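Asks: One-letter residues, chain by chain:
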Amino acid sequence: MSASIILETRGLCKTFGAVTAAKDLHVTIAPGEVVGVIGSNGAGKTTFINMVTGYLEPSSGEILFNGKSIVGTVPRAITRMGLARSFQVAQLFPELSVLDNLIIALAAAESPRPSFFRPLRTRAREARADAILEEFRLTAFRDARVTAVPQGARKLVDIAMALIGEPKMLLLDEPTSGVSVDEKNALMDTVMAAVRHHGTTVLFVEHDMDVVRRYVSRILAFYSGEIIADGTPDHVLADAKVRELVTGHAADGHSARKGASA
Amino acid sequence: MRFDKTEIALLGVGVALAISGLLAPGWLIFLLTVALAKGLVVQGVVMQMRAGMVSFGQGLFYCVGGYAVGMGGQFLGVSSAVLLLVLGVAAAAVLAMVLGLLLTRYREIFFAMLSLAFSMILYGVLVKGQALGSTDGFNVHSWGLFSGPASNPTMTIFYLTLACAAVVAFFLHRYTRSGVGVVCEATRENEVRVEYLGLSPRWILYANYVVAAVVSALGGGLTALAAGHVDPEMAYWTTSGEFVFIAILGGTGSVFAPFLAALVFALVRTYAIELVPNGWQMILGITLLVIIVFLPKGLWSLFSRKKEGAHS
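Residue numbers (full-length UniProt numbering), protein chains in the order written: chain Y, 1 to 262; chain B, 1 to 312.
Honestly, the hints are just simulated from the structure, not real lab data. Note that the structure is a prediction, hence the values are computed from the model and not measured. Heads up, the beta-carbon is just placed ideally off N, CA and C, and yes, glycines get one too. Careful, some of the hints might be misleading.
[Stated by the list, open to error] Covered stretches of chain Y (in silico footprint by chain B; criterion: 3 or more residues with CB under 8 Å from a CB of chain B, positions within the stretch not fixed):
#: 1; segment: 117-130
#: 2; segment: 161-174
[Claimed, not checked] Going by beta-carbon spacing under 7 Å, a handful of chain B positions derived as facing chain Y:
#: 3; residue: Arg-177
#: 4; residue: Val-180
#: 5; residue: Val-182
#: 6; residue: Val-183
#: 7; residue: Glu-189
#: 8; residue: Val-192
#: 9; residue: Arg-193
#: 10; residue: Glu-195
#: 11; residue: Tyr-196
#: 12; residue: Leu-197
#: 13; residue: Gly-198
#: 14; residue: Leu-199
#: 15; residue: Arg-202
#: 16; residue: Ala-227
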């Protein structure tokens, strides 16, 4: 593998009984790239992310992260290698405050073995968490319980927690799902600014083609467990197969299925 | 080292109890001793509840602590209470390290039932073991604090239990705010997120299980020293159920809660037996029902509500 590839999958397949969720996926991603993943429901996008992050074990194929095979590696070890993720439904600690969620993530980033005696909440961690809250425009929700904050803010907390460990690569599973149309760009602007600041490679699954077009330098289009197009946004979104199977036809070249589940 | 309000309160309550020990009648001293010792066992249950695991088998470690104390005196000729307690705690730690490898693979009802199963296995072994007195158990040899026999065992064990309870409560209070303590709560809330932060939920639960076992065994050892007798009933499922009962009664809000609940439980049971000798369980049941309906977060919520009210 070349040093200019951070993630590579070779012939990645996943079957659930008679259903093939991913079929012979060959993907290479270079450091610093921002890649969008599009596709209709059941196209295999989340299955792909789940396999890469160790949530699902592939039926066959290879996954290399920084040249090292990570098939069969547990999620926590993959996270520690520098491959983090956020979730379609924000995975947080709902009964704890936003600040506590971030402080736990900060402590986890410092050591895989938390202390039995030293307090988790220290002044240094609180100060760092406050800086992160500011970076993600979450300061207003600092002491609120997660269950009391709006969906968009929860998504941001989820992504902030994934970024705290300063991963080399971040996989975002539908970062704007459940977020109002008005909030989407603001949320993505915040996330992308943080990602650029950390120099993180990003791959994100997205339904909204306007969001995809605005932030990515490359698109992978999934259909029925396969990648049907891979290239620049202009190239992929103009592809006849993608227009027919993923985005739908539109005279102006924009998605006619904008907002439809990809 | 800085001390927070709870730690200062612990010191205050400890001193108050120590002084009351000089004035209280013997029956109350014994009741307090057993309540504090059982409160320690319940701390083990509460620690696991905070991590989302309900153990219906904490009687296992209560019994191991108690029998280790009894057997240490009976078979090894140890007469130092401190040494006997160390023996009990060490035995429980070793057992928990082995059992924890299996038990922490399970969650919810499966964990609850498996923990109960191991407790009942020990009960079965003890009932069959003639050398350990079978269902009758056996008496704990006379002991002293560092060597036996103590001139006033009732007061010695009261102050020893009080000291152990205060020290353990201090450490558990710090533990609940420590990395492992908070991540235990986080694991209860969302194990997937803990894993994707690069932590091992299973390791966290394992560590917590072992610490909980050690604390409960200490309670068992102190109860054995106070009562002067051990029997297989200590590992029976109703004993474990009693600890869960007390844990729910007190709530998980503070390290004080299990001790308070153990004391309330002991008083209610004592008076219930006095009033209704054949139906005291009914009174305990009604008490729990009332607590669950009106104070779902346990007796301790009376104090925390008061505090919140004062703040607002």
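Asks: Next step is simple, just say for each hint if it's right about the structure.
Replies: Comparing the hints with the structure gives:
{"no.": "1", "hint": "117-130", "verdict": "holds (count 5)"}
{"no.": "2", "hint": "161-174", "verdict": "holds (count 3)"}
{"no.": "3", "hint": "Arg-177", "verdict": "holds, 5 Å"}
{"no.": "4", "hint": "Val-180", "verdict": "holds, 5 Å"}
{"no.": "5", "hint": "Val-182", "verdict": "holds, 4 Å"}
{"no.": "6", "hint": "Val-183", "verdict": "holds, 5 Å"}
{"no.": "7", "hint": "Glu-189", "verdict": "holds, 4 Å"}
{"no.": "8", "hint": "Val-192", "verdict": "holds, 5 Å"}
{"no.": "9", "hint": "Arg-193", "verdict": "holds, 4 Å"}
{"no.": "10", "hint": "Glu-195", "verdict": "holds, 5 Å"}
{"no.": "11", "hint": "Tyr-196", "verdict": "holds, 6 Å"}
{"no.": "12", "hint": "Leu-197", "verdict": "holds, 4 Å"}
{"no.": "13", "hint": "Gly-198", "verdict": "holds, 4 Å"}
{"no.": "14", "hint": "Leu-199", "verdict": "holds, 5 Å"}
{"no.": "15", "hint": "Arg-202", "verdict": "violated, 10 Å"}
{"no.": "16", "hint": "Ala-227", "verdict": "violated, 31 Å"}
The earlier numbered hints that this structure contradicts are 15, 16.
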